[in-house]
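Novice: Protein chains in written order, with the working numbering: chain A, -9 to 72; chain B, 18 to 491.
In silico SDA-like cross-links for lysine to any residue, where the CA-CA straight-line distance does not exceed 25 angstroms:
(1) B:K487 to A:S31
(2) A:K8 to B:T481
(3) B:K487 to A:Q7
(4) A:K27 to B:K276
(5) A:K15 to B:Y478
(6) A:K36 to A:F59
(7) A:K36 to B:K228
(8) A:K49 to B:K322
(9) A:K15 to B:L410
(10) A:K36 to B:Q227
(11) A:K(-6) to B:Y478
(12) B:K480 to A:V29
(13) A:K(-6) to B:D328
(14) B:K325 to A:Q7
(15) A:K(-6) to B:Q353
(16) A:K(-6) to B:S223
(17) A:K36 to B:S223
(18) B:K487 to A:E11
(19) A:K27 to B:D328
(20) A:K36 to B:Y478
(21) A:K8 to B:Y478
(22) A:K(-6) to B:T330
(23) B:K480 to A:E11
(24) A:K(-6) to B:K325
(25) B:K487 to A:L68
Partial chain A-side listing against chain B, Cβ under 10 angstroms, derived:
(26) K(-6)
(27) I(-3)
(28) Q7
(29) I10
(30) E14
(31) G30
(32) S31
(33) C33
(34) G35
(35) C37
I should point out that these hints are in silico values taken from the structure, not numbers from a laboratory.
Model, not experiment: these values are computed from the prediction.
Note that CB positions come from ideal geometry on N, CA and C, so glycine has one too.
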Amino acid sequence: MTIKICIGSSCHLKGSQKVIELFEKSIQENQLEEKVKLVGSFCLGKCSNAGVNVCIDDKEIVSVTPENFYSFFNDKVLKYIK
Amino acid sequence: MKKFDTQVQYLKYKVLREVAGKAWDDTLYEKILDIPKIIIPGPTPTTRCCIYKERAIVEERIKIAMGGDKSNPNVIEVIDLACDECPVAGYEVTDVCRGCLAHRCQDACKKDAIYFDHNQKAHIDKSKCVECGKCSAVCPYGAIVNFKRPCEKSCKVKAISMGPNKAAKIDNDKCISCGSCVYQCPFGAIMDKSYIINVIDILKKSQHNQKYKTYAVVAPSISSQFVHAKLGQVISGIKELGFFTVVEAALGADMVAYKETQELIEKGFLTSSCCPAFVMYIKKNFPKLVEHISHNLSPAAEIAKYIKETDPTAKVIFIGPCTAKKAEFQQEIQKQYVDSILTFEELQALFDSKDLDIYSLPEDVLDNASYYGRIFARSGGLTDAVKQALIELGRTDFEVKPVVCNGIEECRMALLKVGKIDIGNFIEGMACVGGCIAGAGCLTHGEKNKAEVDKYGMEAYEKTIQDAIKVLKK
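Using the sequences and the hints, build the whole thing.
Specialist: Shown next, in the form of structure tokens:
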């Protein structure tokens, strides 16, 4: 699974750094290093979203904030992997 | 509102704007012959002997705006017709000579080239004079003047001489495409080839970023340009032109700073690779030192490479202050990553060719890089970044002894000493005095530009290099 996180200017200012940290932490905690690849990407074209744009395996683009991070991680990442 | 330093830049800009305007609506080949008349309406000549010569020179400028002479590999080109064939007399004693008693000029001359007439006025025997300038330096009246062509004076690598037709001639074996002659020639007779048509073509063929996405990579020196608009408005303007998004070249600089520091620790001695004119200078003049040039890509190419790795169909256009970059992107390796180059002058022409009023646009954001990546734009910035990277890498045991060379003359002095005396272990070379902010493709060149770059650096969201490049290393 490849998770693309937008690090373009707009998402950057909305806190892509924080979201990346959360991803790193959760991936480590669940020992998914082998299965999940995190990549930085420039603008995904949805700058008006409230959160940081994240795209899993080139499918739908989801807006992720530190608040909704864990529910996103559970629903879209853990469920598909386990 | 002052957009340029000189009228020469303004004229060049007008030509670029017309050419670009017609390229946007696909009427360039149909209306190309109208452009000289639009720019020189007449009937009174304003710069040359007659409007016909003025228009003929404009025609030459159009050619260069459309890519110039394809058979000449150099991106810097002389317009013979525009060269005013300035005198090349060298040092001359002018009427200001008072015929004093001191004769300091004679005393200073090691070649015995100064003699005096019956009025005690000094003269220079040209058969003996070596143009060292010592007499001029000591004359209390400043009566001895160097009549050297401004292009030759500006060319510190001595690539310009007088050709057989008296017009300036560039020796491509010496030229490093820094563009200082382009900016210094008072008649605008030397120009950098433009790829503006090529850029418009890329933007149009992307069909509003549907077919592929066009990324603009902007150099951090942009912070010292377009002073009457906010940086965010310039970013909006670039997107209005049809670019998909704008990325900071400074992020590439952050990446380079880390890699270059590791390379320095490994090799023990390094010369920087971010200034293409400096790299070209070493290759042409110090072939033995080529092995010490950092193997890293320049910041622009580094970030372009990253963009293409994440988006393989992307087109990347670098927008910066540099004419030597135009030469860099034609090399085999860089060619894969960077598709075309624009200077700030050309960006202004592009804005105006679309009648974009950037001052009325909303402010977009530009934020990817750290303070350190952004200050690459000025002399000393790379060295500061390397010092920071050593701290972040936890390698404070390695002592960097930097030699910051501001301008190609200082670079030359440092390179001459390499291997002879211990000058340090890291040579940061910048061909333009002041760094990229003084590049020939800048709209304005001023003292305050360094402060602008530092201010822009301070505004970076990331305070360390590590913060900025963290996610990229995945």
